[in-house]
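> Based on these hints, arrange chains B and C on the given structure of chain A.
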Amino acid sequence: MLRDRPAVCVTGMGIVTSLGMGKHDNWTALTRGRSGIRAIDRFEVKGLRTGIGGTIDSDGLGALPSTVRTERLAHAVLEEALAEADLAAGNLPAPLFVGLPPREVEWPQRLALALEIGGGRGVSWDEVIAGSSRGQHRELHPVYLPGATASRLAERFGTSGAPVVVNTACATGATAIQLAVEAIRRGETDMALAVASDASIVPETIIRFSLLAALSVGNQPPERAARPFSLDRDGFVLGEGAAALVLESHASAKARGRPALGFVTGLGESADRFHLTRSSPDASAIVAAMRSAITDSDLDPHDIQYVNAHGTGTPENDRVEGLAHQLVFGTNAEQVPISSNKSMIGHTMSAAGAIEAVFSLLTIQNGALPPTINYRIPDPALRLDVVANAARAAEAHNVLSNSFGFGGQNVCLVLGREPERR
Amino acid sequence: MNNTFEVVADTIAEECEVARDRITPDSHVVEDLGLDSLAFLDLCYALDTKLHIKLPFEQWVNDINAGKIDAKAHFVLRNLVSEIDKVIATSKP
Amino acid sequence: MTVRPRRDVWITGVCLVSSVGDGPQAHWARLNDPGAPLLVEQGRAGWLVHPLPAMDFSAQIPSRLDLKRMGLSQALGAYAAGRALDAAALKGSAEILSKTVVVVSGAGGERDIPLDESIFAEPARFTDQAALNEMLSTRTRPSFFLTQLPNLLAGNISILFGITGGSRTTMGDELAGVGAYKIGCQLVDDGSYDVALVGGAFDVQRPDLVMLYGFGEYAWRHAHQPVALRSQQGGGFMLGTMAAFLVLESADHARTRGASPWCRVGGISTHHTRRRNGDVASALAQAWEELEPAGPTGIISGATGVSPSTEEEMAALSALASRRAGTRIRTSGTLFGHGMEASFPFNVGIAALALKQGRLYPAWPGDPSDGSGADALDRVLVTSVGHWRGEAVALLSTAASQ
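Protein sequence lines correspond, in order, to chains A, B and C.
For what it's worth, this note's numbering labels the leading residue of the first sequence as 1, then goes sequentially.
For what it's worth, this note's numbering labels the leading residue of the second sequence as 1001, then goes sequentially.
For what it's worth, this note's numbering labels the leading residue of the third sequence as 2001, then goes sequentially.
In short, the hints are calculated from the structure, not lab data.
Zero decoy hints are in this set.
Taking CB as the label site, the calculated pair distances span: (1) Gln136(A) / Arg2257(C): 53 to 59 Å; (2) Glu155(A) / Glu2122(C): 38 to 44 Å; (3) Arg38(A) / Pro2053(C): 49 to 55 Å; (4) His397(A) / Ser2058(C): 49 to 55 Å; (5) Glu1017(B) / Lys2091(C): 19 to 25 Å.
Here's a subset of chain A near chain B, in silico, CB distances under 7 Å, partners left out: (6) Ala213; (7) Val217; (8) Asp234.
Owing to the predicted nature of the structure, the values given are computational and were not obtained by experimental measurement.
From the three backbone atoms N, C-alpha and C, an ideal C-beta is built for every residue, glycine too.
Isolated chain A (complex conformation):
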């Protein structure tokens, strides 16, 4: 760990979720305990195990291929963040770190190609390839190419060097921030942009996760389905969203006369070796990431005043995260409130780590802890103060934000009101 590193602050933030566009609408809804989860109406849900999600359908977004929708949201949140940081697009002395979901041509587009090529008869993959590669679909290459969204964002906003695209499953948004902070800390740059976006609620996504028994399939009204930490929790609910942060060294912010909205004071990570989709049941990998972030911020566990949980609402995640909370905070565990934004916005997948970092910073700025809604039946095995159902006024100067990805990739951030003591 670097000892002489610059303090890294946030000077601009952008956010969009199923709760709304922009910080104001999101924070208002979040602290009022509103849910963005609704019945999905952008495609037929018959035959799927669940038909709910935190979709973003406004302004025609629902009708777009998910790749395009994801890019539009990334664009929107970068604009909001740059505006707040008083930066104009073009020639920004800042590299761009982008968290995105994996992308693919989806079935409606594949079938359209198959029909075009075969006229309705059955075709093979190789016929589809041969038939669509005569130059008649050139425009599709830059839509679906994995690096293309980041390339377009880099060009549009004029960021420096080559953009970096990351995916660590549910930790992706946090990894994008982590990379940006590291670049500033090591002196590679004074400023960096981190953005993460995921708007991939399509039938395949629902099928893939429901086959792994990960989704809530209970017979609840949509807004009640996501029940992190409850005894009757039964899985997560998919959500869409994006968030962007302008990060810069504190010195750079001061030189530009921009207020620090908060600081990223600690980064922690670990990789679990237990299983591809399950965390070590003894919480050891998660504990390592949490402790590593707290140590990196030069704090002790008792300095953390709030935990923004990963809190997916799966039976297992919440159990292991609850155990980790006990192990990290010890006898103090029930005095450190923890709540899950996912109870309201669902699991925003590759965007979650960034969205929840923004909510953590807003928590610090506004002195209010967002609630865990739908908390009606506490799980007695988890002795946690979950900020049940209603927001709570509280000064939180140091917030720990957890993101634990499928594949055992754990990233924790400590957000602070002040720079780390050094």
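The following block gives chains B and C in isolation, referenced to the frame of chain A:
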């Protein structure tokens, strides 16, 4: 045991790389045969395909996690086969 | 943007797997034999590719159940990762590996081809979403999704080999490989980690990717030609299945445990031009100036064969080489094909191989002819000019050089 057991045991042997002669009605699929949660899901999928049924595995997983089903008993092959037979019976036209 | 290491970072282990075979020795032997016939075959849609020979992954992935859960890319990548750890004598060093970071350049997204073709068999029927939902829900193997997540190659590597310090996965075509390498170098250079395992894998049989590149007509559709000689017929890449993993390690840490270097890591220059005429040449010239290669220099060009970026790159490199005597250019795509996300780590691996031997291999057909390649070598530049976007150059040197 009945034919369903044979089908299930053969499927476990193929899908999960377990020696067929280790698989008995008293085998616990997790503790004795070493299946993890993913292997169990894939097994249910393979059985669904072979037997033309739809096993409620998501419900099973949730019920186990919620403590409504005793995992220890549920995953003993004899009991699992009996659950599968129930599904076969209700799915017949 | 160019970054340079502040301390000594070495490459202490390499594994390359490709159409040439398995491991550094097989690759060095083949690179030194430009006359021998190439292994190419018809891939999807009849276009030529550099295929993987039949391989047995069990030495690194002993459980057939684990292997079943990975697609070919993940298995290939995990295999190469394990072999790289062996090469660096780190396999089984639980303490060190528990504090190692793995950084993977991933393409993700395997297809279940029989399922896809069942749907393609009745395209009109499956435009009805309910019918498609039913089909996908009942015919998708639950664990198949795990072969489709780009970060699960890293996840598998952590499980197989006990790498638990941290895990990062980059995406995005050629720049993904550049990004993974750069992040790995920086994490070791800034002291965050003593060891980083960096690499990627690519599989030419992926129909969705072949279709994607096909939209843009990027594939070479003729008999094999060296990469630099394709522009007359419109240019294009031949994809190559490949995987490469590198062990990056702080020199102090390596010395303490008695490990010796293959080479030393130097600066990395990354660009993202708009690809107007001359942009690629400017980016390469700028990188050259900022990296300041000195002494006898080799260039491993990752030129894809796609026009016009390949011609522009070759002309720019020749111009730069002509200003420094003893600079020799090699195009790796001629022998190995283009491996997208895996290409940059792979070509860095070739550079490391050459530096370890202390000499460059002979010119291949299409490479500017410059003698036998027996002369000693101090430095190698590795280039990546993406088929669509992104330009990067990395400098590596012998560990002994200043």
